[in-house]
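**Q** Read off the chains here:
Number of protein chains: 4
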Amino acid sequence: MEELKKAVYEANMLLPKYGLVTFTWGNVSQIDRSTGYFAIKPSGVDYDKLTPEDMVIMDLNGNKIEGKYNPSSDTPTHVELYKAFPNIGGIVHTHSSWATSWAQAGRGIPCYGTTHADYMYGEIPCVRCLTKEEIDGAYEKNTGLLIAEYFQDRDYEAVPAVLCKNHGPFTWGKDGHEAVHNAVVLEEVAKMAARCETINPQVQPAPQELQDKHYYRKHGANAYYGQK
Amino acid sequence: MEELKKAVYEANMLLPKYGLVTFTWGNVSQIDRSTGYFAIKPSGVDYDKLTPEDMVIMDLNGNKIEGKYNPSSDTPTHVELYKAFPNIGGIVHTHSSWATSWAQAGRGIPCYGTTHADYMYGEIPCVRCLTKEEIDGAYEKNTGLLIAEYFQDRDYEAVPAVLCKNHGPFTWGKDGHEAVHNAVVLEEVAKMAARCETINPQVQPAPQELQDKHYYRKHGANAYYGQK
Amino acid sequence: MEELKKAVYEANMLLPKYGLVTFTWGNVSQIDRSTGYFAIKPSGVDYDKLTPEDMVIMDLNGNKIEGKYNPSSDTPTHVELYKAFPNIGGIVHTHSSWATSWAQAGRGIPCYGTTHADYMYGEIPCVRCLTKEEIDGAYEKNTGLLIAEYFQDRDYEAVPAVLCKNHGPFTWGKDGHEAVHNAVVLEEVAKMAARCETINPQVQPAPQELQDKHYYRKHGANAYYGQK
Amino acid sequence: MEELKKAVYEANMLLPKYGLVTFTWGNVSQIDRSTGYFAIKPSGVDYDKLTPEDMVIMDLNGNKIEGKYNPSSDTPTHVELYKAFPNIGGIVHTHSSWATSWAQAGRGIPCYGTTHADYMYGEIPCVRCLTKEEIDGAYEKNTGLLIAEYFQDRDYEAVPAVLCKNHGPFTWGKDGHEAVHNAVVLEEVAKMAARCETINPQVQPAPQELQDKHYYRKHGANAYYGQK
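For the record, the sequence lines run as chains A, B, C and D. Residue 10 in UniProt numbering sits at position 10 of the first sequence, with consecutive numbering throughout. Residue 172 in UniProt numbering sits at position 172 of the second sequence, with consecutive numbering throughout. Residue 175 in UniProt numbering sits at position 175 of the third sequence, with consecutive numbering throughout. Residue 219 in UniProt numbering sits at position 219 of the fourth sequence, with consecutive numbering throughout.
Chain A extracted, bound-state conformation (with noise of 0.2 Å):
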């Protein structure tokens, strides 16, 4: 629990270190699939002021089981997304500035060049506005519940990212590490669809066997990206 602590702190770090974070707006959590653990980020706690002993640990029934704050208070939307995808174990939200961007104009972003389709496969979708029953009941809950459903026949570890409208966007990945570092990749990729679309308005998402070319160099049986 200790490490899992520290490895939630860590990665939380991180969300500044990459610019993705103004203030307390992100939160990252990692889940210890053998307890059902995760370690969340307190709730409005500043990054300067975090230790690794202010991480929440918390239970898949949206229990806490220790820590002195109360949790990130879209805690609710984490526990969903851990239910919905067994193979992940880190969840990032932050209200970084291109990827939000998006979210606000509530569009996907366009697979534009092979920045985009070395990590995530085809467009990163753009999830509806909850309604209002939705917002006025449990309303991280139901985040968590409509990207859930969104991705109930789709494969979420090859798109570990998702916008919300007119809120911001959430990522994942095997660790909290990953996770962050998927939000990174979201971030750029927002930026530079953007300005691509500004540079030709009539731009076309790169052809798809681009983006398998990409995609499968690194992911899967026959990758040969890295050291592996």
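Copies of the same chain look alike in the list, so a pair counts if it works inside one copy or between any two.
Derived DSS-like pairs (lysine-lysine); straight-line CA-CA distance at most 30 Å:
(1) 83 / 174
(2) 218 / 6
(3) 49 / 218
(4) 218 / 132
(5) 218 / 141
(6) 49 / 174
(7) 218 / 64
(8) 6 / 141
(9) 68 / 174
Honestly, the hints are just simulated from the structure, not real lab data.
Starting from the known structure of chain A, fit chains B, C and D onto it as the hints suggest.
**A** Frame of chain A, contents of chains B, C and D only:
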């Protein structure tokens, strides 16, 4: 009074830290409501030469109570805002780049998402330019009066920011520190709103129920964000 | 002369500090009107290797008086500006990103707000491209002559900046330091004007009376900004 | 060979210094034409863990001569460029944000000003996407062949940069360091060209005589910029 000067000095030093000022283009004040005195940055003094002792103490009649320097030339605006908004304790003025771009464009900033709604309830208004008479007269005082007039029948605590057309933003809060916090929020929100309109020129404001949810998640009797 | 070299060295080092230069793409000079000598950055020398001793001393006939290096290739432009503008003491040339984007676009920068009006009175002009004859001849000298001609019947002290079409900006001031200050103002103003036009494509310049107010609040007999 | 590895290591470390890479998204190589060996960054190794010893030595048949790591997955592209461009000594590939945005937009970068003309003669081309057959085959090698084919009847020394559609830029130079320098120029030029088109959608390329002037001021027998 020493404490007040120190608090105002520290709040002023946050402006360059958060990238909100170039040269001397900004100022923070904070008021002690028990005495009616407020401390404010001196006019045109470089941030890297500023000390707590340089802060100027003023009263709400615009008289200098203490200090070797002239107060910020925007002091009469601060005076009018303190008189009109009894619940505030701090005021910030900057020429921060994105907020000023909206002010120059003469447009209020629509609420496109939860980052905005978390701190500011509804559109951030852009008040009209002053008339020739108002400009040629007591310009800075009239700037304050115009803002006060705009908020006469509106909730200045729920919308702690305003854009002055062809000029730039003012923000406020319970003290100087919170006013700076709101200035950072405003700049971030202004940036994302501009990008969001480029990504989707037909974008509409976030649904009212989502704005309500996020605002009241952080404000009022039923708030549940953070550690309270 | 040592003092002049030191002042020019320090002013040059402000260019990378304020993010106005990439590599060696900029230069500052300052003149001693009593001798008619001016010091200028050597051509193509890296900023992080520069020392005060490297500055080159020139006279207004373009003769090198002292220095082991060649002066900036833009030296003949500086000469013409010093000859045409008797009240200036320093000149800056950069390829700073936003100002150069306006220069490439071939447009002057309208005065959209008080940030601009505080330092520069009215539109910052973009002078025409040189003709083939002017380019093939004494190109750098002709650049200076063109700027001088533009300002022949205009107030070069009230508008201490110009854009050269398809090239970049020159700014000036009472000394090298003030010329750098104006280069920073220009870049900030150029950035906000571009963003402002994106936010509101129908935007109009700030009302004349507001431009007057801010400019004369800082300049001339009735100025009241700052500590004088 | 140690010297080569050191030079390539240092050139690679300039990429994060100049903000051209996120994570491991870039690589520099440099060739020793006397042996035909070149050194290149290993694939997928973090920049902050890189040492000179980690550089991989390759020959122009694509055989690894020395090194514990796999070379960059883009190595076959480098091989083809070294074979096609006998006068170059260094190559850079990045996914730098502005250049990649143009590549994704599928547009070459017009020469809008002297910043561009100082280093690159005319439009920076964007070569077509590879066909499905070229992608499914020897993708990285075919990328190099396509670039080589484009420059078959063009001057690759006068235009030391290319954009690969839906992918990103390659630049080259007399060694790795100059290739990095050109990558920085390209990014700056790409940024200003995009902004310039936003400021003036009808903008035209700089007059040919101005492009000639600036290019030949720095290149060829009559160059007079700098200290030579």
